[in-house]
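*Asks:* For the record, the sequence lines run as chains A and B. Per my numbering, the first sequence runs over residues 78 to 392. Per my numbering, the second sequence runs over residues 606 to 1287.
The hints are simulated quantities; they were obtained by calculation from the structure and are not laboratory data. Careful, some of the hints might be misleading.
[Said to hold, decoys possible] Derived lysine to any residue pairs resembling SDA-like cross-links, with alpha carbons at most 20 Å apart: (1) A:K127 - B:K713; (2) A:K107 - A:L382; (3) A:K127 - B:A1128; (4) B:K1170 - A:F148; (5) A:K131 - B:K713; (6) B:K1199 - A:P370; (7) A:K131 - B:R1213; (8) A:K127 - B:M1163; (9) A:K107 - A:A252; (10) B:K713 - B:F829; (11) A:K127 - B:P1211; (12) A:K131 - B:H636; (13) A:K127 - A:L337; (14) B:K1170 - A:T144; (15) B:K1170 - A:G132; (16) B:K1199 - B:P1177.
[To be verified] Just a few of them, taken from the derived set where beta-carbon distance is under 8 Å, the chain B residues facing chain A: (17) Y682; (18) R685; (19) L748; (20) S1007; (21) A1068; (22) G1182; (23) L1183; (24) N1190; (25) Y1192.
[As the list claims (entries may be wrong)] Some but not every residue of chain A turned toward chain B, in silico, with C-beta under 10 Å: (26) F106; (27) V110; (28) K131; (29) I149; (30) F151; (31) L156; (32) A184; (33) G203; (34) P218; (35) S233; (36) L356; (37) T360; (38) N361.
Idealized CB from N, CA, C, for every residue including glycine.
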Amino acid sequence: MIEYTLSILVHLALVLLLSPLVTGFNRTFKARVQTRRGPGLFQPYRDLYKLLRKGMVIPETASWIFTATPFILFVTTLLASLLIPSVTAQAPLSLFGGVLAVVYLLALGRFFLALGGLDTGSSFGGLGSSREMTISAIAEPALMLAVFTVAIGAGSTNLSIVAQAGLSQSWRFLAPSQMLAFAALFIVLIAETGRIPVDNPATHLELTMIHEAMILEYSGPYLALIEWAAAIKQLVLMTILVNVFFPFGLSPDWSPVPVLISLGLFLFKLLLLSIIVALVEVTNAKMRLFRVPELLAIGFVLGALALVSTFLFQG
Amino acid sequence: MWPIRELYSAGLLVYAIAALAGLSAYLRKTHAAWVASWLCYASLTGAALEFFASVGALATGAEFNWSLPSGIPFLHYGVRLDPLSAFFNLTLSLLGACVAVYSVGYLKHGVAHRRPGLFCCFFNLMLLALTLVFTASNVVFFLIAWELVVVTSYFLVVTDHESEETREGGMLYMLMSRAGTGLMFVGFLLLATAAGSMEFQALHGSGEKLSPGVGAAAFLLLFFGFGVKAGIIPLHIWLPAAHPVAPSNVSALMSGIVIKTGIYGMARVFFDFYGNTPVWAGMLVLVAGVVSALLGVLYALMEHDLKRLLAYHSIENIGIILMGFGSAMLFRSFGHPQLAALALVAGLFHTLNHGVFKCLLFLGAGSVLQGAGTRNMEEMGGLIRRMPWTALFFLIGAIAISGLPPLNGFVSEWFTYQGLLAGFGATPTLTRMAFPIAGALLALTAALAAACFVKAFGITFLALPRSENAESAIESPISMQIGMAGLAATCVALGLGATWFIPVFAPITQNAFGVQISGQLVAGNGLLLTAGSLHNGSVSPLVLAIALLGLAGVPLAMWFVLGRKSPRTIGPTWDCGLPGLTAANEYTATAFSKPLRMIFGALFRPRREIQAEFDVSPYYPKAIRFASEIQPTFETHIYEPLRVGILAIAARMRKIQTGSIHAYLAYIFVTLILLLIFGVRE
């Protein structure tokens, strides 16, 4: 029991500490590719620290929904991360909720975030909420088809079991179904984490914002929680991508040496994926909002093809 | 021994007495408010008795039969409380009880309060008729009860008959219901001919005794007949017309349970009268489910009338229920009783869950309607400050209907997904592709539902009031709050305590497929819900909820350590430097759904009209008028030609409808002769 509690705490610490680093790496790497100096790898930590200590302004139109939202968003995202194996093949809470619970916990956080956007009474909040809910809705079929492909391949929706099934067949990721599902999920990752070409996290023009427009009225500690939750959500989706499709190196238990190797490999896999995401971002221009459904339709078709190839190639 | 029979009969008796008392109060012109209160308490008593009867029947597994001869051939006043009936009766009595409490306060205002006796008479009569529909064991008696539901609910819908919209909605409901009953009637006759009896027990498995062609015809007739009531697309058009115009407590029961009589009929036919069905039948139900779910939610998104929006969501949820039923039928066809049981549990559980949260949402809409005096969301806003409890209950309903954890909607959608997932491996050839595609579209439906309820809750309750009515809204009386609180608590209880509820389905799946799945669906000392086995996947709403509460320590600790001393000021929302934020700056419901209206433009065919008035330059308009509407595709492309066709035929029929009694007597005589010649062969 103590070991179990400890594993949860270690997992939590890892997720909380690693997620700003992924964001920081993404920004720094993009800056370097664009031959800028960039803000530095550890800037997100400094930002969060500063925001948590700052004062905040609550809009006078807002109700308790506005106050509850940062907490609900943070907690649901954090819980979702506990359902996914990161350095050990057994995620701490994967028995209590599989991949469907991950998707729906993230949806619960988003539900409140969108309400928080509407609660301020400004047009920008409503605009952000409307766009965020639209894009997440049309991303859902692609996400679910990719998830189904993975779950059907492993015969389970429990992500620990999925990862362990992947471990026992190390070349599994080369199967066409897995590659297609990976591609579909990658498109969903871009859309869900608000990356270019779907959304621009660094934009300063309200009318082009999606995620940022929703949280325009948040400041201080609340903004810190929301930013941190966004970073954790990005880590959650990236962990699904790297550990479900490329689970090699995951440690079977908490003995130190395999865990360290596993941690190293996990960081390396995340690094590669972040580089790909950053390259996609710097080589594309932001799409018009009504082009996004086409991108997500590609994701849907890829997911459907992944399933068809599961059935055709039995793998 | 639980006195099931006594409780059941006493419940019916209370309903009947309350209905008579209501009628006599109306005839004596006693319109005092206490009439309504007492009759609502009577409904509550009746519902409570029925509730305990159903719980008893489900808990003990006892089945009771009871019948009275009628003296009319084929008709017995027979009732049977088997597990399936008891489950639906449980749903009915639970919702009926909460709505009865709500009605105590609700009937103090509004149109129904002018004739409380008459309203309560029909209200109790409808509860009585619904109980009989769910428990009748004879085809003729079932149809009589069915028609009684139609008639009583029609009168309740048209309570506000002075408004033309109400009369039209009611008439459409009546017409569509009659058409549905006609289809059902023929379907039942075909089955009864095969079984040689009108008793439900004799009809068990009678679908196979028919030749394939006739069996298929009977199946289709019954599916579409019950489908009208359930509101599957394209037979749904009465639903968004009739539900919103009814008083809100009636709308709540209409969406919560009256349309479920269609689902009950389908469950009875698909899993009792048919021991097995061909693959196409299961596929038809699955596809009808997917289409209804997706189109239902898409149309709901375009509504800014709060009650019409909820009515379209009923269509969506009926679709989700049918996805469960359709996959159960497919699994049975391919010989997987375990999976069929899983999918049936998903469908039935969603039936109950939808009843609870939809009832809650309609009651919430009723409170809003009474508090703010409008159904139009564009005139609401900021109600969370004036109606905090209603807002909280509506929010719980909104989270539940969006299928978000840890509430009850999540649990039944989770089971539906698991059924669809299992379908890929368990069915041959291309049939298997239907399951994951259905799953993906279910995911889309659920996400769109979440978007729609962000809109419904956000525009109605949050930010600034958009009209004077919304500004002066008042919270509902305590009885209405208690009614909603009961349903909201049920949403939470059925979500967190799902593992303790699942065993209820054991006898139902046992009767349908000979499998008691519920033991396998629960694991880990009643903590985990599983998809047949732990390996296939498991979820625990209770642990997730506890973990969410526990994890709240993390942000709270961070705030306590770092941000506790930081100042917290209240200031105006950023308005781009304009002089003050007004309600005109807020996002509207129409604007909120604009991106989806454009993305699904091929379906909606939106039309908009902008007129600007200006003095000097077109860049400085004095006033702008904006109108936008979507094309009601089914109404214009299917029902309009149908209506024109029926009227044309009716115009020709007029020639034989002379109005002369002699002619009619001659028709009757000729018909009698023909029947004697062709009908009596022996």
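*Asks:* Look at each hint and say if it fits the structure.
*Replies:* Hints versus structure:
The hinted pair formed by K127 of chain A and K713 of chain B fails the criterion: a straight-line CA distance of about 55 Å is larger than 20 Å. Restraint check for K107 of chain A and L382 of chain A: the C-alpha separation of about 32 Å exceeds 20 Å, so the hint is violated. Simply put, K127 of chain A and A1128 of chain B have alpha-carbon atoms about 46 Å apart, too far for the 20 Å limit, and the pair is violated. Only pairs whose Cα atoms come within 20 Å are accepted, and K1170 of chain B paired with F148 of chain A is accepted, the gap being roughly 18 Å.
A distance of roughly 51 Å separates the Cα atoms of K131 of chain A and K713 of chain B; the hinted pair therefore is violated under the 20 Å criterion. Restraint check: the Cα-Cα separation between K1199 of chain B and P370 of chain A comes to about 14 Å, which is no more than 20 Å; the hinted pair holds. With a C-alpha separation of about 46 Å, the suggested pairing of K131 of chain A with R1213 of chain B is violated against the 20 Å cut-off. As the CA atoms of K127 of chain A and M1163 of chain B are separated by approximately 12 Å, the hinted pair is consistent with the 20 Å bound.
For a cut-off of 20 Å, the pair hint linking K107 of chain A to A252 of chain A is broken: about 31 Å separates their Cα positions. For the hint linking K713 of chain B to F829 of chain B, the alpha-carbon distance of about 39 Å lies beyond 20 Å, and the restraint is violated. Between K127 of chain A and P1211 of chain B, the direct Cα distance comes to roughly 48 Å. Violation of the 20 Å bound is thereby established for this hinted pair. The suggested pairing of K131 of chain A with H636 of chain B is violated, with an alpha-carbon distance near 62 Å, which exceeds 20 Å.
At roughly 31 Å between alpha-carbon atoms, K127 of chain A and L337 of chain A are farther apart than 20 Å, so this suggested pair is violated. The hinted pair formed by K1170 of chain B and T144 of chain A meets the criterion: a straight-line CA distance of about 17 Å does not exceed 20 Å. Of the supplied pair hints, the one linking K1170 of chain B and G132 of chain A holds, its CA atoms being roughly 8 Å apart against a limit of 20 Å. Distance hint between K1199 of chain B and P1177 of chain B is unfulfilled; the C-alpha atoms sit about 27 Å from each other, more than 20 Å.
The beta carbon of Y682 of chain B is not positioned within 8 Å of any beta carbon in chain A (closest approach about 47 Å), and the interface hint is therefore violated. Hint status for R685 of chain B relative to chain A: violated, with the closest Cβ pair at about 38 Å, above 8 Å. Look at L748 of chain B: its Cβ only gets to about 41 Å from chain A, farther than 8 Å, so that hint breaks. Given the 8 Å rule on beta carbons, the hint for S1007 of chain B holds: about 6 Å separates it from the nearest Cβ of chain A.
The interface hint given for A1068 of chain B holds, since its Cβ lies 4 Å from the closest Cβ of chain A, which is under the 8 Å cut-off. For G1182 of chain B, the interface hint is violated, since its Cβ never comes within 8 Å of a Cβ in chain A; the closest pair sits about 12 Å apart. For the restraint placing L1183 of chain B at the interface with chain A, the shortest Cβ-Cβ distance is roughly 11 Å, beyond the 8 Å limit, so the hint is violated. A cut of 8 Å between beta carbons decides the hint on N1190 of chain B: the least distance to chain A is about 5 Å, and the hint holds.
Annotation: interface hint on Y1192 of chain B holds; nearest CB of chain A at approximately 2 Å, less than 8 Å. At its closest, the beta carbon of F106 of chain A sits 28 Å from a beta carbon of chain B; the interface hint therefore is violated under the 10 Å criterion. Using the Cβ-Cβ criterion of 10 Å, the hint placing V110 of chain A at the interface with chain B is not satisfied: the shortest such distance is roughly 31 Å. Because the smallest distance between the Cβ of K131 of chain A and any Cβ of chain B comes to about 6 Å, under 10 Å, the interface hint for this residue holds.
With 10 Å as the threshold, the beta carbon of I149 of chain A comes within range of chain B, its nearest partner Cβ sitting at about 8 Å, so the hint holds. Given the 10 Å rule on beta carbons, the hint for F151 of chain A holds: about 5 Å separates it from the nearest Cβ of chain B. Interface hint status for L156 of chain A: upheld, as the beta-carbon distance to the closest one in chain B is roughly 5 Å, under 10 Å. For A184 of chain A, the shortest C-beta to C-beta distance to chain B is roughly 6 Å, which falls under 10 Å, so the interface hint holds.
Satisfaction of the interface hint for G203 of chain A is found here, the shortest Cβ-Cβ separation to chain B being roughly 2 Å, below the 10 Å cut-off. A distance limit of 10 Å between C-beta atoms decides the matter here; for P218 of chain A the minimum to chain B is near 4 Å, and the interface restraint holds. For S233 of chain A, the interface hint holds, the least distance from its beta-carbon to any beta-carbon of chain B being 5 Å, beneath 10 Å. Taken as an interface hint, L356 of chain A does not check out: its beta carbon lies about 28 Å from the nearest beta carbon of chain B, beyond 10 Å.
Given the 10 Å rule on beta carbons, the hint for T360 of chain A is violated: about 26 Å separates it from the nearest Cβ of chain B. Interface hint status for N361 of chain A: violated, as the beta-carbon distance to the closest one in chain B is roughly 21 Å, over 10 Å.
The structure fails to meet hints 1, 2, 3, 5, 7, 9, 10, 11, 12, 13, 16, 17, 18, 19, 22, 23, 26, 27, 36, 37, 38 from the earlier list, while all remaining hints are met.
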